[in-house]
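Model the full assembly from the supplied sequences, consistent with the hints where possible.
Residue numbers (this note's numbering), protein chains in the order written: chain A, 1 to 324; chain B, 1001 to 1324.
Since the hints were made in silico from the structure, they are not lab data. Treat the hints with care, as some may be off.
Restricting the straight-line Cα-Cα distance to at most 20 Å, the calculated cross-link-like pairs of lysine to any residue (SDA-like) are [claimed, not checked]:
1. B/Lys1151 x B/Gln1201
2. A/Lys237 x B/Lys1151
3. A/Lys79 x A/Leu114
4. A/Lys188 x B/Ala1074
5. A/Lys93 x A/Gly107
6. B/Lys1151 x A/Asp190
7. B/Lys1297 x B/Glu1029
8. B/Lys1188 x B/Ser1198
9. A/Lys93 x A/Thr106
10. B/Lys1237 x A/Thr187
11. A/Lys237 x B/Gly1220
12. A/Lys297 x A/Asp11
13. B/Lys1188 x A/Lys93
14. A/Lys188 x B/Lys1237
15. A/Lys237 x B/Ala1243
16. B/Lys1188 x A/Glu184
17. B/Lys1079 x B/Phe1115
18. B/Lys1237 x A/Thr106
19. B/Lys1237 x A/Asp216
20. A/Lys237 x B/Thr1134
21. A/Lys188 x B/Thr1106
22. B/Lys1188 x A/Lys79
23. A/Lys151 x A/Glu202
24. B/Lys1188 x A/Ser75
25. B/Lys1237 x B/Arg1215
Given the structure is predicted, the values throughout are model-derived calculations rather than measurements.
2 protein chains.
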Amino acid sequence: MRIALDAMGTDAAPAVEVEGALRALNELEDDIELVLVGDPDRIREELERHGASDTPRLTIHPATQRVSADDPPASVLRKKPDSSIVVGLKLHKAGDVDAFVSAGSTGAVMAASLFVLRPLPGVERPSVGTFFPTRRSPTLLLDAGTNVDCKPRQLVQFAHLGRVYMADVLGVESPRIGLLNIGEEPTKGDERAQETFSLLQEDEGLHFVGNIEGRDVLEGPCDVLVADGFVGNVLLKFYESVAQFILGLVRDELADTVDSPPLDSVTRLLDYSEYGGAPLLGVNGVTIICHGGSPPKAIRNAIRVAAQAVRSDMVADMAAELDA
Amino acid sequence: MRIALDAMGTDAAPAVEVEGALRALNELEDDIELVLVGDPDRIREELERHGASDTPRLTIHPATQRVSADDPPASVLRKKPDSSIVVGLKLHKAGDVDAFVSAGSTGAVMAASLFVLRPLPGVERPSVGTFFPTRRSPTLLLDAGTNVDCKPRQLVQFAHLGRVYMADVLGVESPRIGLLNIGEEPTKGDERAQETFSLLQEDEGLHFVGNIEGRDVLEGPCDVLVADGFVGNVLLKFYESVAQFILGLVRDELADTVDSPPLDSVTRLLDYSEYGGAPLLGVNGVTIICHGGSPPKAIRNAIRVAAQAVRSDMVADMAAELDA
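Following this line, the structure appears as structure tokens:
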């Protein structure tokens, strides 16, 4: 399979991307071929730095433009048609590659993916899924801020997208679907939550485990946590900050007792780079989006995830599941 | 002033209430008189245990019934008219006491307060405020789950209620009002957040500091955080659980290095009993609600808060502010 990697996405592009690509080729299955999309001179420079100018299964595809955080996402396609994001996605659309990985601006990657790849039939609002570390395995939060003011039926679509993703890419058997809510009973919550509860419960294609309260999320009671993007985004951003906040308090408190307290397991659990990027779910293709501050390991892991999505026929499975 | 204390509210009633009351009388201003409402025999028993049978400024007012967690809140007034909650609130309504403190079921205390004390003119939905520990001073979260599907104008009412509370009871000069949202710009968020932003910004009676994202909440950028009760409740419950989760990870990690790591400052910061209960804001009276699992210190602190609300004429100030 061939995967296009936007080489110009991270804050330290293309150094991070090149290193991540080389690690992926070295460490992952050898049916993976990578196409680095971006400034050929800069990419070659980085390859040389690694003594990797003639790496098998790695090619370069030129793109002269680069999307910045200041570019309005909706204008990228028109204003930067030769950007690494647009060029990479067009390679995917044309069938030259099977997936696209980018650490560029989430909004731009999402908008361009929607336009170039198009939503799958039956999907009103494609959604970027984000992993949420828990006591058990990570939970896929859908939606995490891409879509607000969602209708109950759209939340049910998220549940199906998440179900296929967890089954195909993570290998979870019968993924458990939970609904973020403010009480356990079906009658709890706002109007949207109550109506969504009914729809999820009636849906025989889903393993719905019920309402999940804020206090229960970290127990890992579900594999896919369905939420409107407003509350999902608040929760996700708060999680990132509260972990750092508590760790900071702990470090201060322990400063007199222990030199550099060994908090590795905590730090590792909360390290997003372990999770391999956020999948854009519901488009006719595989797009994996990484943080702009990603280290090479995160790029490598995103490539691993993209490969698994391709290998499992995720897009075909989603199309079959949603187009009912 | 006289404050009625529901003596039958906590899980360990009336032992905890009696101890909290004695601490309050001992430690707080001596213009406070307490009326313990509940089973006189049980209350006297507890007073005797403390050798405090003849405590000045403490009287007992009998109530033969007790509200349990199983009683539907809406039926308490009708089914348990002689419960400590209803009796205490009626003392307040009649002007025999100036405030009411209870650690009974939040739903029941709230429903009975609404019915007996009535909402203030201009307040559509009274709201239970909850304190949120931050790096700076605690933030008052309004709403924390009492009211979902709120209209923008109702969120603005919360802002005013919170403003008066923070100014009168906490002595905060020009309390900063923030709106929980998923981005900083005015155009971010769902429809409700966008419209609320406009209303808050136009309101000359409020010191509105703008949108607060999930990641910024813990920096303490505002004194009052306005939110619909759905997202507010998810955030609050998540906060309680994530702190325990991270502390648990830290303890496990440090177990080999330090015996019982000294995490006092963290534990203290997250100890709700410091905050003295949650005020029910927007009714024509002072109701302070404590956790059912409150220790005596939390009861004492709730009495302190109630006294400050009375002393500052909080209800009159809210009435003046809202009835515009």
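Numbered hints the structure breaks, given as an ascending list: 2, 13, 16, 18, 22
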